[in-house]
Amino acid sequence: MLPVSDTNGRPRRRDQFLWLWPIGAVAVMAAAGHFFGAFGALLSAVVVVATLVLLIGDITISLRTRIWVLALAVLVAASVVVGRYAGVAILAAPADAFEPLDLRGQIVDADAIRGRDLQNAQLAGAVLDDLDLRGLNLAGVKAQGASFRRAVLDEVQFTGADLRGADFTDACLERSDLSGAQLGGMIARGADVTNVVTDKELIANVVSWPEPGNIPPQHCL
Numbered sequence: 007m008l009p010v011s012d013t014n015g016r017p018r019r020r021d022q023f024l025w026l027w028p029i030g031a032v033a034v035m036a037a038a039g040h041f042f043g044a045f046g047a048l049l050s051a052v053v054v055v056a057t058l059v060l061l062i063g064d065i066t067i068s069l070r071t072r073i074w075v076l077a078l079a080v081l082v083a084a085s086v087v088v089g090r091y092a093g094v095a096i097l098a099a100p101a102d103a104f105e106p107l108d109l110r111g112q113i114v115d116a117d118a119i120r121g122r123d124l125q126n127a128q129l130a131g132a133v134l135d136d137l138d139l140r141g142l143n144l145a146g147v148k149a150q151g152a153s154f155r156r157a158v159l160d161e162v163q164f165t166g167a168d169l170r171g172a173d174f175t176d177a178c179l180e181r182s183d184l185s186g187a188q189l190g191g192m193i194a195r196g197a198d199v200t201n202v203v204t205d206k207e208l209i210a211n212v213v214s215w216p217e218p219g220n221i222p223p224q225h226c227l
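Going by the working numbering, the first residue of the sequence shown is number 7, and it counts up by one from there.
No lab work stands behind these hints, which were simulated from the structure alone. Mixed in with the good hints, there may be bad ones.
[To be verified] Beta-carbon label-pair distances, calculated as ranges: (1) Asp117 <-> Arg195: 27 to 37 angstroms; (2) Thr71 <-> Arg120: 41 to 51 angstroms; (3) Gly219 <-> Gly190: 21 to 31 angstroms; (4) Ile209 <-> Gly141: 15 to 25 angstroms; (5) Thr57 <-> Asp136: 48 to 58 angstroms; (6) Val55 <-> Asn201: 49 to 59 angstroms; (7) Pro218 <-> Ala118: 31 to 41 angstroms.
By construction, the Cβ of each residue, glycine as well, lies at the ideal position given by its N, Cα and C atoms.
Please model the complete structure; the sequences and the hints are all you need to start from.
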């Protein structure tokens, strides 16, 4: 876009900074999209475009056209806001942007956690039996009394997690990292704990921990 001249043939001061608009627009939309999802990105796009037309296009665009643009921008913005509060799925804010995933007391299936950030998740009392969670980051999860029976948890990060009273009976924990985790009352009867990373003093708090040489469950082989 070329600078628009005023009546004296000189570029207006605000037109000299047109090159900043694309950068600013992308930055605003990216930030709004990150914190508010599609709702924020769409709403910010409407505001940015309307502002550009109203402030920069006052010479090249007729007054009538600018009024129509303003009216359309207000209509679209209002529709986006109404859609957000009406629960339109695409306009919902990303759940993980504000607080950890909360699955306390729920029977969890693969669909409930697919593609979700489980770090610091609230899993107290949740049932995650038989799930394949290998390689996931569960650092800092609050999983007091949760059930991971027969779950595949190889190479899972449990660093700093609260696993007090959690049931890992027959779970696959090969090369998982339990560093700094709270293990008081944890049950790991029959689990595969091959090369598990943990603090030796914490094992003393576990109710049941497999003896060295214990044969792993068949589904862990």
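So, going through the hints one by one against the coordinates:
no., hint, in the structure
1, Asp117 <-> Arg195: 27 to 37 angstroms, "29 angstroms, holds"
2, Thr71 <-> Arg120: 41 to 51 angstroms, "47 angstroms, holds"
3, Gly219 <-> Gly190: 21 to 31 angstroms, "25 angstroms, holds"
4, Ile209 <-> Gly141: 15 to 25 angstroms, "23 angstroms, holds"
5, Thr57 <-> Asp136: 48 to 58 angstroms, "54 angstroms, holds"
6, Val55 <-> Asn201: 49 to 59 angstroms, "56 angstroms, holds"
7, Pro218 <-> Ala118: 31 to 41 angstroms, "36 angstroms, holds"
Of the numbered hints listed earlier, not one is contradicted by the structure.
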